[in-house]
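Student: Here's the letter readout for the chains.
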Amino acid sequence: MMTFALQITIGMVIIAAILNVYRLIKGPDAPDRVLALDTLYINTIGLIVLLGISLGTRMYLEGALLIAVMGFIGTVALAKYLKRGSVIE
Amino acid sequence: MNPIAEYAMVALLLTGGFFSLVGAIGLARLPDFYTRLHGPTKATTVGIGAIVIASMVFFGSRGEGLEISELLITVFLFITAPISANFLAKAAMHMGIVPFEETRGNTWDQ
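If you read the protein sequences in the order shown, they are chains V and C.
At position 11 of the first sequence the residue is numbered 11 (this note's numbering), and the sequence of numbers has no breaks.
At position 106 of the second sequence the residue is numbered 106 (this note's numbering), and the sequence of numbers has no breaks.
Isolated chain V, as found in the complex (with noise of 0.2 Å):
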């Protein structure tokens, strides 16, 4: 049952990736597209935990945490830059 629900979850996550990527493509403005980029890194993260419960091993979440500190920062400096048009001013 728990193999079963943790494809069902994949499936479930990777479609939720590609509609990010829809609109990350279609976009009509720059905020849009950097909304987009922050919800696509979050799934990421998803992703990333649920290899490493499918694979059995702890290895694969400092990478997760590593993408949480930096996708925040990332979103940030670019919604900083779209703001000021500078990052560090």
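Keep in mind the hints are simulated off the structure, nothing from the lab.
Please note that a few of the clues may not be correct.
Unchecked claim - Cut-off 20 Å, straight-line C-alpha distance, at most; resulting in silico cross-link-like pairs (EDC-like, lysine to aspartate or glutamate): (1) V/LYS80 <-> V/ASP29; (2) C/LYS90 <-> C/ASP32; (3) V/LYS83 <-> V/ASP29; (4) C/LYS90 <-> V/ASP29; (5) V/LYS83 <-> C/ASP32; (6) V/LYS26 <-> C/ASP32; (7) C/LYS90 <-> V/GLU89; (8) C/LYS42 <-> C/ASP32.
Start from chain V and add chain C according to the hints.
Tutor: Same frame as chain V, but now just chain C:
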């Protein structure tokens, strides 16, 4: 594997997949940027938090002892999602992106 832990993990996994899918559908289908901001910042955060906590239940029930790195990821996501949403909304307002017609104006004083 303990059956109670297995049921809890299956429930957390399905909840997480459902909420992240709902957030992505909201990001793809809602009409303008300000409404689109709702999907990823709330639904996707809860979904990925549930998936990461399912991972914590899985590795905790194998008898290797509890570690807190998953809890660290969840807490970090829950802290940073509103901050990045606030930054993006301020950037969009600064760029002058017009809202959807039905959410324009002060509809509360009529």
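Student: Taking the hints in turn, state whether each one holds.
Tutor: Evaluation of the provided hints:
1. For the hint linking V/LYS80 to V/ASP29, the alpha-carbon distance of about 15 Å falls within 20 Å, and the restraint holds.
2. Between C/LYS90 and C/ASP32 the CA atoms are separated by roughly 15 Å; this keeps the pair inside 20 Å, and the hint holds.
3. Between V/LYS83 and V/ASP29, the direct Cα distance comes to roughly 13 Å. Compliance with the 20 Å bound is thereby established for this hinted pair.
4. A distance of roughly 14 Å separates the Cα atoms of C/LYS90 and V/ASP29; the hinted pair therefore holds under the 20 Å criterion.
5. Taking the CA atoms of V/LYS83 and C/ASP32, the gap is about 18 Å. The hint holds against a cut of 20 Å.
6. Distance check on the hinted pair: V/LYS26 and C/ASP32 sit about 13 Å apart at the alpha-carbon level, within 20 Å; holds.
7. Proposed proximity of C/LYS90 and V/GLU89 is supported: the alpha carbons are some 17 Å apart, at most 20 Å.
8. A distance of roughly 17 Å separates the Cα atoms of C/LYS42 and C/ASP32; the hinted pair therefore holds under the 20 Å criterion.
Going down the numbered hints, you'll see the structure goes against none, and every one checks out.
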